[in-house]
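Colleague: Line order of the protein sequences matches chains A and B.
Heads up, the first sequence stops at 300 in the working numbering, and the numbers go up one at a time, no gaps.
Heads up, the second sequence stops at 180 in the working numbering, and the numbers go up one at a time, no gaps.
Treat the hints as calculated values from the structure; they're not laboratory data.
It is possible that part of the hints are untrue.
What the hints assert, rightly or not - In silico PhoX-like cross-links for lysine-lysine, where the CA-CA straight-line distance does not exceed 20 Å:
#1 LYS169(A) with LYS104(A)
#2 LYS107(B) with LYS70(A)
#3 LYS43(B) with LYS26(B)
#4 LYS80(B) with LYS59(B)
#5 LYS213(A) with LYS17(A)
#6 LYS59(B) with LYS107(B)
#7 LYS78(B) with LYS137(A)
#8 LYS59(B) with LYS132(B)
#9 LYS107(B) with LYS132(B)
#10 LYS198(A) with LYS164(A)
#11 LYS137(A) with LYS162(B)
#12 LYS80(B) with LYS131(B)
#13 LYS67(B) with LYS78(B)
#14 LYS102(A) with LYS59(B)
#15 LYS103(A) with LYS78(B)
#16 LYS26(B) with LYS107(B)
#17 LYS26(B) with LYS104(A)
#18 LYS83(B) with LYS67(B)
#19 LYS169(A) with LYS213(A)
#20 LYS169(A) with LYS43(B)
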Amino acid sequence: MSGKAFFENRYAKLGWVFEDVRPRQAIRINRTRIANCDLVERLAIAGVTTEKIPFLEYGYWVESSKVSVGATAEYLLGLYSIQDAAAQIPATLFTDLKKKLVWDTCAAPGGKTVQLSDLMENSGPIFATDVSKRRLFALSNHLERCHVSNVAVFVHDATKPLCPKLTFDRILLDVPCSGNFASDKSWFSRRTEKDVRRNAELQRALLAKSVGYLAEGGEIVYSTCSLEPEEDELNMDWAVRHLNLEIQEIDCKGEPGVSNVFGQRLDTSIENSRRIWPAETQGFFVCKLGRRRDGS
Amino acid sequence: MKVILEFAQSVHASELSFKADHVVEDGGRYFVLGKQLLPLVQKGFFYAGTYLGKAKDGKFFPSFNLLALLAESGGRSVVLNRKAAWLFICGRDILFAGIAALRGSAKKGDNVLVLNEFGDCLGFGRAVEDLQSKAEAKEIAVKNVSDIGDFLRRER
């Protein structure tokens, strides 16, 4: 099953009426490199006007720009990164990141890796892995540009065992996903339900493997830019039922995750996750998980 | 480590802000690892800590991270006006007219760090003339060797 009507119908069943959107361009200030107000002033001199994103501490919309925001001196100096506003949310959901051991499992091209490092103020090690060596060149450039110093990058398939055996305080699972139409205008003609199910299987494999590396009291943040419930709520329900995980409350932009998907009732804690339908941002899903505390 | 020290000396940087025994080399690429990474990472990595540069065919190519560290250590540098700074990161050489200030002294052939008006290091170049000399404003003072516009060129 595929096609625009097929997916639109699914979104309607999840409670959202399809509308074509064009997400606003957003940047994230690297706070360890420069203060918000100083960068805003410098960008204004360069001909870039910005507006604070209300739900992000270091995020700004690009209102207008006489130059490409990806080619200013400030960008090349790593004072900010170009990052969709919704994609800036996952890294901010971890508690107390400083000096923690962090694993960014599917790290390339590295926007969230740099953000994690920035939030940690370059303290505590981050292991950044990705299965694609080619994509790690982009990640490495990103790290050098932003003067990141606490990240070690490895070519690694996160569905396979990690060597050396470490346990991590924080694990980011920003998993490969089907994406969404807001960031890909040909999305409806390229994607099928079969693709979605294949991605959902890979995501479960990543979840299952990463749990084995979660330290006591550790946190996992799971995110996708997919609107398909198989990759979002249904995977979280599966994780709760099969991986001895519980979903933790988060306070961020978005609607509560859908706990009734096409007639299938899910664990009610799914509502603690957040689903962001495309509008100013692209579509997004985010959920925070920890080991179940009641031992059940 | 020798290549890094030699480059630091070439721009008169007084001291390095990292310890030599924290530097690891992997296939000609040099990284400095902070104390948080050092016990965890020694080999098999793709990138780690702060990238310092690479040595190839007897030449050392410093990273922009290393150049920034050397600038912080007081390395020999020129401060450019706004227009010259923009032209420099577009790959252009520096004219005498574009230099707002000189920190230290630079003779013909010396390596020179290049800073913008905010003190950010934009790259480095090689003095074409003695920079203290009273040359024509439109003459080239510093030949561009490496600038941060390279981040864009790499992705092409």
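Colleague: Compare the structure with each hint and give your call.
Modeller: We went through each hint and held it up to the structure:
1. With a C-alpha separation of about 16 Å, the suggested pair LYS169(A) and LYS104(A) falls inside the 20 Å cut-off, and the hint holds.
2. Using a Cα cut-off of 20 Å, the hinted pair LYS107(B) and LYS70(A) holds, with the two alpha carbons roughly 16 Å apart.
3. Restraint check for LYS43(B) and LYS26(B): satisfied, since their Cα atoms lie roughly 13 Å apart, inside the 20 Å limit.
4. Distance restraint check for LYS80(B) and LYS59(B): the Cα-Cα separation of roughly 28 Å exceeds the 20 Å cut-off, and the hinted pair is therefore not satisfied.
5. Under the criterion of a C-alpha separation no larger than 20 Å, the hint pairing LYS213(A) with LYS17(A) is inconsistent with the structure, at around 32 Å.
6. Of the supplied pair hints, the one linking LYS59(B) and LYS107(B) is violated, its CA atoms being roughly 40 Å apart against a limit of 20 Å.
7. Simply put, LYS78(B) and LYS137(A) have alpha-carbon atoms about 19 Å apart, close enough for the 20 Å limit, and the pair holds.
8. Between LYS59(B) and LYS132(B), the direct Cα distance comes to roughly 40 Å. Violation of the 20 Å bound is thereby established for this hinted pair.
9. Of the pairs offered as hints, the one joining LYS107(B) and LYS132(B) is violated, with about 24 Å between alpha carbons and a cut-off of 20 Å exceeded.
10. Between LYS198(A) and LYS164(A) the alpha-carbon distance is near 24 Å, which puts this suggested pair outside the 20 Å criterion.
11. Restraint check: the Cα-Cα separation between LYS137(A) and LYS162(B) comes to about 46 Å, which exceeds 20 Å; the hinted pair is violated.
12. The straight-line distance between the Cα atoms of LYS80(B) and LYS131(B) is roughly 26 Å, outside the 20 Å bound, and the hint therefore fails.
13. Distance restraint check for LYS67(B) and LYS78(B): the Cα-Cα separation of roughly 16 Å lies within the 20 Å cut-off, and the hinted pair is therefore satisfied.
14. For a cut-off of 20 Å, the pair hint linking LYS102(A) to LYS59(B) stands: about 14 Å separates their Cα positions.
15. Distance check on the hinted pair: LYS103(A) and LYS78(B) sit about 29 Å apart at the alpha-carbon level, beyond 20 Å; violated.
16. Proposed proximity of LYS26(B) and LYS107(B) is contradicted: the alpha carbons are some 36 Å apart, above 20 Å.
17. About 33 Å separates the Cα atoms of LYS26(B) and LYS104(A), which puts this hinted pair outside 20 Å; it is violated.
18. Restraint check for LYS83(B) and LYS67(B): the C-alpha separation of about 23 Å exceeds 20 Å, so the hint is violated.
19. Of the supplied pair hints, the one linking LYS169(A) and LYS213(A) holds, its CA atoms being roughly 12 Å apart against a limit of 20 Å.
20. With a C-alpha separation of about 28 Å, the suggested pair LYS169(A) and LYS43(B) falls outside the 20 Å cut-off, and the hint is violated.
Comparing the model with each numbered hint stated earlier shows that hints 4, 5, 6, 8, 9, 10, 11, 12, 15, 16, 17, 18, 20 do not hold.
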